[in-house]
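Chemist: Be aware that the sequence shown starts at 1274, since it is given in our numbering, and climbs by one per residue.
Because the hints were derived from the structure by calculation, they are not lab data.
Be aware that a few hints might be false.
Pairwise CB distance ranges (calculated) [said to hold, decoys possible]:
#1 Leu-1316 / Ser-1281: 17 to 23 Å
#2 Leu-1348 / Cys-1302: 16 to 22 Å
#3 Leu-1286 / Gln-1307: 14 to 20 Å
#4 Ser-1310 / Tyr-1287: 26 to 32 Å
#5 Ser-1310 / Ser-1281: 15 to 21 Å
#6 Pro-1312 / Ser-1284: 15 to 21 Å
#7 Pro-1312 / Arg-1285: 15 to 21 Å
#8 Arg-1285 / Gln-1307: 17 to 23 Å
#9 Thr-1309 / Ile-1288: 14 to 20 Å
#10 Tyr-1287 / Thr-1309: 15 to 21 Å
#11 Leu-1348 / Ala-1308: 16 to 22 Å
#12 Lys-1289 / Ile-1311: 16 to 22 Å
These numbers come from a predicted model, not from an experiment.
Ideal Cβ placement from N, Cα and C applies to all residues, glycine included.
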Amino acid sequence: MYKSSEDSTISRLYIKDANAEDSGNYTCCPSNTQATSIPVYVLNGERPAAIQHDANISTSSSSSPNFSILLFLLLTAFVSR
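The whole structure should be built from the sequences, with the hints applied where relevant.
Modeler: Here it is as structure tokens:
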């Protein structure tokens, strides 16, 4: 976990040798804000046509840090295969 700015912290989850059985709902539960969940799909031998690689997503929503963290979890699970 590291602080990317004064009001934003990034946490990472690495799944070694991820496979389809690792697919499911993943939830980030920070102590200072509400929990957020995201579905994660691990694809075996497939590459999605479109995938977001840019972590510099910015919105005015207060849940934006949670969404960014969960998006990163999705990308990390896919890339670490």
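Chemist: Of the numbered hints stated earlier in the document, which are not met by this structure?
Modeler: Hints 1 and 4 are the ones this structure does not satisfy, whereas the remaining hints hold.
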